[in-house]
Every structure is written in structure tokens, then in C-alpha cells.
Amino acid sequence: MSDRLHSRGKYAYLLIAFILFWIVLFEFVLSANSFLPSPYFVIISIGDLFSDYHILVNILSTLTAVYFSIIAALFIIWVFRIYLVNGHNLIRHTIDALGWFAGFVPSIILAFFLIYWLDGSGYVKYIFGSFSCLILFFFKLEDAAGKIGSEYIDAAVSLGADHKMISGKIRWKSVIPAVAHYVPEIHLYLWSMIIIIEYIKGGSGLGVVFRQALLYKDLPVLFSTALFTIIVILLAESLIKYLNNKYFARVME
Amino acid sequence: MNNFLELKNIIKDYRGEAGSKLLVLDKINFTINEDDYITSVLAPAGCGKTTLLRIISGLDYEYEGSILLKGNKVINKLPFIPENPSSFPWLDVEGNIKIVFRMLDNLGSTIDYKLQELIDLTGLTGYEKHFPDNKSYGFRFRISLARAIAVSSQIILLDDPFKLMNAETKEELLQLIKNISSSRGLRFLISTSNITDSFEISNRIFLMSNNPASVIEDIQIGKNSQGSEQRKNELKVLLEKGNLKSLANLSI
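Residue numbers (the working numbering), protein chains in the order written: chain A, 12 to 264; chain B, 453 to 704.
Simulated from the structure, these hints should not be mistaken for lab results.
Bear in mind that the values here come from a model prediction, so they are computed numbers and not experimental data.
Mixed in with the good hints, there may be bad ones.
Said to hold, decoys possible - With a cut-off of at most 27 Å between alpha-carbon atoms, the simulated BS3-like pairs for lysine-lysine come out as follows:
#1 B/K587 to A/K180
#2 B/K581 to A/K257
#3 A/K252 to B/K587
#4 A/K151 to A/K184
#5 A/K257 to B/K550
#6 B/K529 to B/K566
#7 B/K550 to B/K630
#8 A/K252 to B/K581
#9 B/K550 to B/K587
#10 B/K630 to B/K529
#11 A/K184 to B/K550
#12 B/K566 to A/K184
#13 A/K21 to A/K257
As the list claims (entries may be wrong) - If the Cβ cut is set under 10 Å, some of the chain B residues that face chain A in the computed set are:
#14 I533
#15 N536
#16 P541
#17 D585
Every residue gets a Cβ at the ideal spot worked out from N, C-alpha and C, and that includes glycine.
With the rest of the complex left out, here is chain A:
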């Protein structure tokens, strides 16, 4: 715990140091440059973000895609939980095949494929997000299900638990923490992938704001959008971690 606090403190110091460095260097020393905008212009650009770039609508679009994908994937996992935790042959082979495939084809290629295949559809990011999220959860779940200690199963069977109870009350419950602790990792991955898809495909979302800002060479907006995105991601990440620690902290030893 103290280690975690220590490392958090280290990151906070680094962030403060960076901000101070940025203010001093780019506000006063290199105020006119093409690398980083001065803090003053970044603050001014926040107004443009709302009026010209419609940041609220766009961020809502990205947020919906990210969280819809996670919730949809978790719902599908919940529906098929009994088959998944028992390592049903068909499911296990499918997951293994997908794992093998994923080893050769990065997910960004799949994103490109979907963008050009479903050209014009606004659902590409939802389809990609849900599908990739589901696959990643499958991998995690298969891994976690393989690590359930035999002592838990032995004890429960000897106490009279039937197959249904073993699957639903022991196997599933024991893999939940592993899946829940994987959500922050998937969350970060989804944010980056969905912004990339929005950037390439257009439509709505934070990726579109980045694209427009780059198109107009609007460096302050680019910078303030990045800051805005980082703050939203960090807040969401903290909320997910808080919920994880509160409800899914108890893991098998």
C-alpha cells in the first residue's frame, strides 16, 4: 500500500514538474514555437473547444462507445459464464484459435478492416470495441479458470455441492476478481483504439476533434483536447479501480 502511495506521489511530482517546466519554458522563454503552445493559448482554446469543436457531444460519443463495449462484453460473458468457467471444449478451442490468430494480426488491422468493410456505418467503433473487449475478457477468463485451486472444488464437492453449484457459486465467483481487475487495462486499450477509429473514420468522437485540430493546425486545441482526454480517462480509471477495490478485492490465494 505504501509502495503504491509512494509511486503515486512520484507521478504527481513528475506531473507538477512537467507543468512548471512547460509554463516557464513555453510561456516566457519560447512563447512562439511550433512544438508546444503557450499555457495562455491553451487556456483560451478551451472556449473554442466548446463552441467550434463541440467537445461535449464528441466526448459523449467516445464515452458511450467505450463503456457500451465494456458492458456489452461483460454481459455476454455473464450469459455464457457456466460454459466459460467449465472450459467447454468448443469455447476453449475457439478461444485458443482466436489467441493464435491474434498473435499474428494486431487488433489495429481488424479496426482498419472494419472501417473499410462497414464504410459509413456509425456502429464500427461499437462493433470493434465490443468484439475486441469480449476476446480479451475470454483470454483472461480462460487463464483465471485454469488457476482455480483444486482445494476449493474438492472441499465443495465433498460437502455435497452439485455441478451447477460448483460452476455458478465457486468457479464463476472465483474468476470474477481476475476479470474485474482486468477492466482498467482493457479500459485504457479501448480509449486509445476507439479514438484511433474515430480519427480514421470520422463521424463523431474525440478522434474527430483531434483530426480537425490537426487539419486546422490548431496546436492549442490539440493540446487542450489531449489534456481534457487524459483527465477524463484518469477520472474514469480511478472510479473503476475504486469500485474494483470495494467490490472485487477478495481473490483466491
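Use these hints to put chain B onto chain A, whose structure you have.
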């Protein structure tokens, strides 16, 4: 003397690659009588004690021989507490016991114990809402014990329960098992590789050898306490001198 649990010619082997066989249990024969409330299987580490207990419990049914409980074939599984803690970390003490009530309910079995009764019996009073993770082995063992008692079986199987405990906890739990056995008439079959533990807690000890495991001595402690004390010391001396090759890996 009425027989309570009889093991007749239990043979267990594991099949390796290319059809090779590894004999683990070789014709295990022993009988636990009605008045043998705490029985130990004293055997070296790695000789197949867990395998034997899993067979008796009904968890492993690929073996030869027969097991009779009061003269009848064992139909229901017997409660088995594994060496590693098996209490569920996502449930508190009450939840861990209540889940057994649900299992019994599903099976249509009667529930003879009340929740608080089991908590009091196993010394968990005041810890009802505590979770077992980050707790000691002793705490988790008490939860496992409460759950095993809840099943209302006449015998509980404990697989090397004291191996991972410190001396103080071990002493407390030895006493707890003795108390539960005498107050509730419950029988325990304990596997251990520790000579002192087995002689301290048991009415009867079946000493087993290694490679493959077979019963080499039946020590009845209650009958002749002086004789059993002498036998314990003899075993310790033999072990210290390294004269018991088949019992190497026993601990004192």
C-alpha cells in the same frame, strides 16, 4: 467391537506415458471402530496420504478395493478438509457456512445445526462478518471445520491440517478437535507426517510406509498409554538415526 469405517484392499495406481504404471497405494487395509474417535494416518510426506483421503471421501473413485461405512458402501461423499485453506475468500464467515446450508437444501438433506451454533462451536464467535482472506491458516481452518460439521457426517477427513500452522495455533486447534469430538461424538480421520501431532491427538494410528504406501503398524493409544508413549519414542529414535528408510520424510 463395531466396525465404523473399513478399507479393504485399496489399490491405487497412476498411469504414466507409454502405459507405465506407478503404484501409489498397495492393498491398504484398516478398520476404524465405533470408539476410535480420532484416528491418524501417519505416513511420510509424499507417500499418498492425500490420495487415500480423497478416495475415502469419494472425490477419487478410480481405485480397486472397497470402502464400507458401518458395513455399507459409502454413497454420499464424506467431508474433506484439504491441506490448503478452502474457505471462499469472497464470502464472510457466515456466508461460508450458509453456502453449505444451501448445498444441503439442494440435496434435500436435513440441516441439523444452526448457524450460530457452528460459529460458537468452532471458536469463530465475534468474527461472523470477517472475511477469510488475509487471515491466518488457523482462522480459515476453523471456517472449513464449521462447514464440514454442518454436513452432519459422522466422520470428517482432515488432510495434514497442522502442517502450515505455527505451534500456538496448532495447539489450539488440536484442543478444538478433541473438544468437538468428545462433545458432539464426531469422528475425525487425520492424515499427518508428524509423529508428535499424531500421538498427541489420536486414539489410534495407522503407520504407513512409502513407495508404495501400505499399512505397516496399527497403534492403539487409548488401550495402553504407556506402551504408546514408548512406541512414539522408539519411532522418534529410529527416525533420528535414519533407520526407517521406508518412513523417511516423517517429521518429529
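Exercise for review: Below or equal to 27 Å on CA atoms is what counts here, so check B/K550 against B/K587.
Suggested key: Answer holds: B/K550 to B/K587 is near 19 Å, not above 27 Å.
- prompt: A/K257 and B/K550: Cα distance at most 27 Å?
  reply: Between A/K257 and B/K550 the Cα gap is close to 22 Å, so the pair holds against 27 Å.
Between the alpha carbons of A/K252 and B/K581, is the straight-line distance 27 Å or under? It holds: about 24 Å lies between the C-alpha atoms, which stays within 27 Å.
| query | Within 27 Å, alpha carbon to alpha carbon, are A/K184 and B/K550? | reply | holds, 16 Å
- 27 Å limit on alpha-carbon distance, applied to hinted pair A/K252 and B/K587: holds, 23 Å
Under 10 Å, Cβ to Cβ, is where B/D585 needs to be relative to chain A, so tell me if that hint holds or is violated. holds, 5 Å
* If you draw a straight line from the CA of B/K581 to the CA of A/K257, is it 27 Å or shorter? -> holds, 16 Å
Item to check | Pairwise hint evaluation, B/K630 against B/K550, where the allowed Cα distance is 27 Å at most | outcome: Holds, at roughly 25 Å.
- Query: B/K630 and B/K529: Cα distance at most 27 Å?
  - Reply: Holds. B/K630 to B/K529 sits at ~23 Å (cutoff 27 Å).
Can the restraint linking B/K529 and B/K566 be considered satisfied, given a maximum Cα separation of 27 Å?
holds, 22 Å
*Interface hint compliance - B/N536 to chain A, C-beta minimum distance less than 10 Å*: This hint holds: B/N536 lies near chain A, its Cβ roughly 5 Å from the closest one there, short of 10 Å.
Please verify whether A/K21 and A/K257 have alpha carbons no more than 27 Å apart. Satisfied, since the Cα-Cα distance of roughly 25 Å is no more than 27 Å.
This entry satisfies every hint, going by the numbered hints stated previously.
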